[in-house]
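**Student:** Take a look at the letters that make up each chain.
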Amino acid sequence: MAVNPVTQRPTFNEIFYTSLQKLPDGERVRACLQCGTCSGVCPFGYLMDYPPSKMIAALRAGMFDRVMKTDKVWMCVSCYACTNSCPAQIPLTAGLMTRTKEELLLAGNVPVELQDALENTQRYGNPMGESPRKRAAWARGIEPSVKIMSQINRPIDVLWFVGDYASFHPRVQLSSRALARIFNLLGVDFGILGHEENSDGDSQRLAGERGLFELLVDKNSKAFQKYQFNQIVTADPHAFNALKNEYPKLGVNYPVQHYTQYLSAKLDLLRPLLRHEIKARITYHDPCYLGRANGIYQPPRQLLQAIPGVELVEMPHSAVNSLCCGGGGGGMWLEGYQWEQAHARLSEWRVREAVAIGADILAVACTYEIPRFEDAVKMVQKASRLVIRDISELLLESIGE
Amino acid sequence: MNLIVAIKLVPDLVEELKINEEGNFLDLESLRLRVNEFDEHALEQAILLKERGAGRVIVIALDGEGVEDALFTAAAKGADQVIKLTGNTMPLVSNHTLARWLAPVIKSLQPSLVLTGVQAHNDLDGPLGPLLAEYLDLPYVGYVAKATMKDGEVEIRKEYPGGLAAEMEIDLPAVLGIQAAEQPPRYIAFSRIRQAMKTVQLEERQIPDPFIEEPIAIARLFQPEIGERAEIISGDVDEIAARLVDIFTDLDLL
Chain B
352 MAVNPVTQRP TFNEIFYTSL QKLPDGERVR ACLQCGTCSG VCPFGYLMDY PPSKMIAALR
412 AGMFDRVMKT DKVWMCVSCY ACTNSCPAQI PLTAGLMTRT KEELLLAGNV PVELQDALEN
472 TQRYGNPMGE SPRKRAAWAR GIEPSVKIMS QINRPIDVLW FVGDYASFHP RVQLSSRALA
532 RIFNLLGVDF GILGHEENSD GDSQRLAGER GLFELLVDKN SKAFQKYQFN QIVTADPHAF
592 NALKNEYPKL GVNYPVQHYT QYLSAKLDLL RPLLRHEIKA RITYHDPCYL GRANGIYQPP
652 RQLLQAIPGV ELVEMPHSAV NSLCCGGGGG GMWLEGYQWE QAHARLSEWR VREAVAIGAD
712 ILAVACTYEI PRFEDAVKMV QKASRLVIRD ISELLLESIG E
Chain S
49 MNLIVAIKLV PDLVEELKIN EEGNFLDLES LRLRVNEFDE HALEQAILLK ERGAGRVIVI
109 ALDGEGVEDA LFTAAAKGAD QVIKLTGNTM PLVSNHTLAR WLAPVIKSLQ PSLVLTGVQA
169 HNDLDGPLGP LLAEYLDLPY VGYVAKATMK DGEVEIRKEY PGGLAAEMEI DLPAVLGIQA
229 AEQPPRYIAF SRIRQAMKTV QLEERQIPDP FIEEPIAIAR LFQPEIGERA EIISGDVDEI
289 AARLVDIFTD LDLL
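These protein sequence lines map, in sequence, to chains B and S. Per my numbering: the first sequence = residues 352 to 752. Per my numbering: the second sequence = residues 49 to 302.
Any given hint could turn out to be false.
Stated by the list, open to error - Label pairs and their computed distance ranges (CB to CB):
1. 287(S) to 616(B): 30 to 36 Å
2. 366(B) to 219(S): 44 to 50 Å
3. 63(S) to 420(B): 54 to 60 Å
4. 250(S) to 646(B): 24 to 30 Å
5. 480(B) to 174(S): 56 to 62 Å
6. 85(S) to 378(B): 44 to 50 Å
As the list claims (entries may be wrong) - Sample of chain B residues with no beta-carbon within 10 Å of chain S, all distances over it, derived:
7. 381
8. 411
9. 473
10. 482
11. 484
12. 491
13. 493
14. 561
15. 562
16. 565
17. 580
18. 602
No wet-lab data here; the hints were simulated from the structure. Virtual Cβ for every residue (Gly too), placed ideally from N, Cα, C.
The shape of chain S in the complex, shown without the other chains (with noise of 0.2 Å):
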């Protein structure tokens, strides 16, 4: 059986973001990346459901800054196999033309169970996991925070607002979005990932179909811009509390 986990790189928010020149992308050259959050819990959901011995994980990511590091760390967690995705020429792609790129590899790799982070923080046209359910034509249940393998299908406890959770069983394949494993992901030793650094081969499939046309367009990104109804009031304690009790005064609240 097969656990293939997508996992994709996201702009990581300890630096400042900044907009291009053009006004309709992030900064490139001040961007630093990172694995997103979510997805590190679905591998980590993978990795411990490969422990109790469903079968081998197998971690496949888009290329880009740090990916290699991203998959040598997938694979000293205890992923079975790596795969790099290149052939892209985009920064950053949107998830329709990263699920369109990531469906065809991932069906030939014949999975059981494709886990993938239930959103990402820079998800502009819907998270992953239900476009690859929908190129994949497989059954998608997000927000899991729990899976069990039983035979030919996986037991899930999914999420919902409010404090409300299910438990429900899906039959294999089906694609899952992860919101949290069951413990935090794991710490490995950076001798660890050194050493698969040296003995991991990184697999490279090359994108069947790398120009294709993104499905949306950002016509403006902006900073979120300073209204004009706060009124700043400025002067010594008593001055800013008598001024105080005017606007109270004046908003029949006092």
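Chain B on its own, in the form it takes in the complex (with noise of 0.2 Å):
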């Protein structure tokens, strides 16, 4: 007697453990060993319920739903600490954090503040809500002026993808105008997209909203297909990934660079216009996503040895064990769930050991950061001294203009 064979509905935990091997090295998952460094390098592990290597072990148990009953894993500030700790090599940030997020977030298991953000980037281009016509408000007034490519009809060397902090955020449009001067002084020839500019979508789509990092990379691909330039430079990391790393896996493929690597590149120019001394120790914030995600740790260092009188100083964490600002994954827009759920904040550990060491200064080069830093400031002890600067403005500070 022929007997049918069973057929079951594979599992939740099954399709989602198949779809996380079908990922770029997601197979290396199988390879995990249980050491738990990913879980102990993480800054917000100590409060997971499930953080990666017991994620993990839930998957293979068959027990993942109870990963995804918890909303713990919204504390994942993407910071690719674990991934570049993980001796097998798993893509612990990109594939199983950022798979959970989006899972999440089908399932409508966000936080309210994510959503917020997440519905202004649908409405606006960015997240922060503002109007997407003012994008290019920051540069008013700068001499010679900002161009915009769609009011001048002619290719360009250097487009600069601005970005929304960048643009948007009133603190950080002071580090914008900072490097458009720098830029009118080395003679670059660039221009903006102004309101043709949407967010790169990056943290949105760490942040598990993969739908709208496609809608987003669709709208900034039709924009560079409009104009002609040789490439992009960004002064957000997070853009500089996205656009390095993830448009050209959606076939959006242009050379791009940091703004620190491209004016690193230009140090012969640039030196002999930082002729004004700035005495002091100045330590650097390694971002996650110029450091551990994309490698990227000399041309920032370099930027600021060129400054006369600079003494650089290093923190325990630096480099590829530097300490997240907390704003990646879209912790950037998690602040208050952030603090309710640890009554921590990743920015003013930060600050403290800047403090530690004595600085004077706290160097960033990522568009989150002033920002986040000068609010952690604000908050630490024996931190009011600490002055938060981008590279950029440090270096048209010694340029003198």
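Grab the two chains, each in its own frame, and use the hints to assemble them into the complex.
**Tutor:** Dropping the structure here:
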């Protein structure tokens, strides 16, 4: 007698585990030896019910639904600390954590703060809900004027992808203005997209909003196609990461540099302009998406060391071991949630390190960080003397403009 | 049971509002539209009711820039049927006109409950809910912050100024003006909206009588005008302080 084979619908656990293994290097998840390094190195691992290694254990045990019932995965700031330390080289940040956030988002298990940022991005093309028409307003009054691509009818050398915070945040705008003036002084032939630029979408992607990311790639790609330029430069490491690593996967391929790379390559031209001493102990914070995610450690330091008078000192956590500022992977829009869960801010931990080594200035190269660290300085004891500056601002100060 | 949600597009205040050259309306060129926030709460409340087994959710909106996205988003959130009212040629219509256009369509859908935002920032002629109730000849309760379906009734919580609230039961069918849903409007992943765009049938209904004369006419629209009673005191700190002392002394305040 023939027996009908028993067929069962695959469980969510099975579907998810399979999908994870199909991602680039995803099969390595099978090589996890449960050493727990990822969970130990995770800045918020101590309060997650299921830090990365336990998530994998739950997957293997067919109990991933338990992970989905907690919302602590939203504490993940996509800082790549786990990925970087994994001896089995499992794509923990890009694979496990991001895929889990995608599923949580589809299931509607999303903190309200994050919803607002995502809705704003859908509606206005930026997470802060600013008018997209005002995206170039930061550049007003700069001479020679910052060219907006739709207003000039010619090819350009450098397309500056300004990014959300550099365009709209009143404090970060100051660093954008500094960088524009440096470009002008160096005679860089550059332009911006203005209202045609949309959020790069990388942090939304890492917060699980893959569909929104694809929409933004599509919009930015259409804007790129309208104009001729040789390369893209950006001050936003998240935009840099997206344009360098994620847009090409969707067929959008342009050479891109972070501004610290671009300027350090032009140091011969820049150095003679750096005439004024900045007599200060300066420490540099490696942003996750410039450092760990993309291996760029030297260019920012070269620029700082080119400033006369500067004594560059390193914090205990630096370069590949840098501490996240807490803003990645959607963390920028989960401040209240993170505080509720942890009663700690990563940006404050970082500021304490800078204070502990006696730094006068904490130099940054990420558009999320100036406001994050300036806020942290107000909260940390004995930190009131610590000055937060973007590298572009320090360069301009040394130029004396 | 049919839960009908009427949503409308309103000027998005993220853009500065400009007045047209004639000085009697907003400048349409610079206008950006969005779904009235209270209507988003009305939709959320309707979907919560549906999830608790109350019936089907039907969302209806007047045609306009971005209305299809709004309807597909509603479908992705859980609306069973989405309807666009076409045939309108005016950019923004009064609530009297809108209610007269919506009422026959809503009536044909045999509503158990009609939900709409309690107000919108561009309500010049009163909120939409009571007008709809009038044309549908149904009871209306506004400022509703919670609703539960009971046998042939809806139990609601109505908010009053000064922190007061009332709970009441209304016979169905009825119209509710929603102040706030029981939970913030949910976020829906963009991939779900995209999926809805591909799979959901967007129904179009013609406005029965598109040439209704607007009951109100705007005579003049203008920005707040600067008064002349303010004095701007300039000078250094000492001069300003001295001038302030003079002013306060003159007013017998010092």
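**Student:** Each hint should be assessed against the structure and marked as holding or not.
**Tutor:** Now for the hints, and whether the structure bears them out:
no. : hint                         : result
1   : 287(S) to 616(B): 30 to 36 Å : 54 Å, violated
2   : 366(B) to 219(S): 44 to 50 Å : 47 Å, holds
3   : 63(S) to 420(B): 54 to 60 Å  : 41 Å, violated
4   : 250(S) to 646(B): 24 to 30 Å : 48 Å, violated
5   : 480(B) to 174(S): 56 to 62 Å : 29 Å, violated
6   : 85(S) to 378(B): 44 to 50 Å  : 46 Å, holds
7   : 381                          : 27 Å, holds
8   : 411                          : 27 Å, holds
9   : 473                          : 6 Å, violated
10  : 482                          : 5 Å, violated
11  : 484                          : 7 Å, violated
12  : 491                          : 15 Å, holds
13  : 493                          : 22 Å, holds
14  : 561                          : 6 Å, violated
15  : 562                          : 3 Å, violated
16  : 565                          : 8 Å, violated
17  : 580                          : 28 Å, holds
18  : 602                          : 18 Å, holds
Against the hints set out earlier in the document, violations occur for numbers 1, 3, 4, 5, 9, 10, 11, 14, 15, 16.
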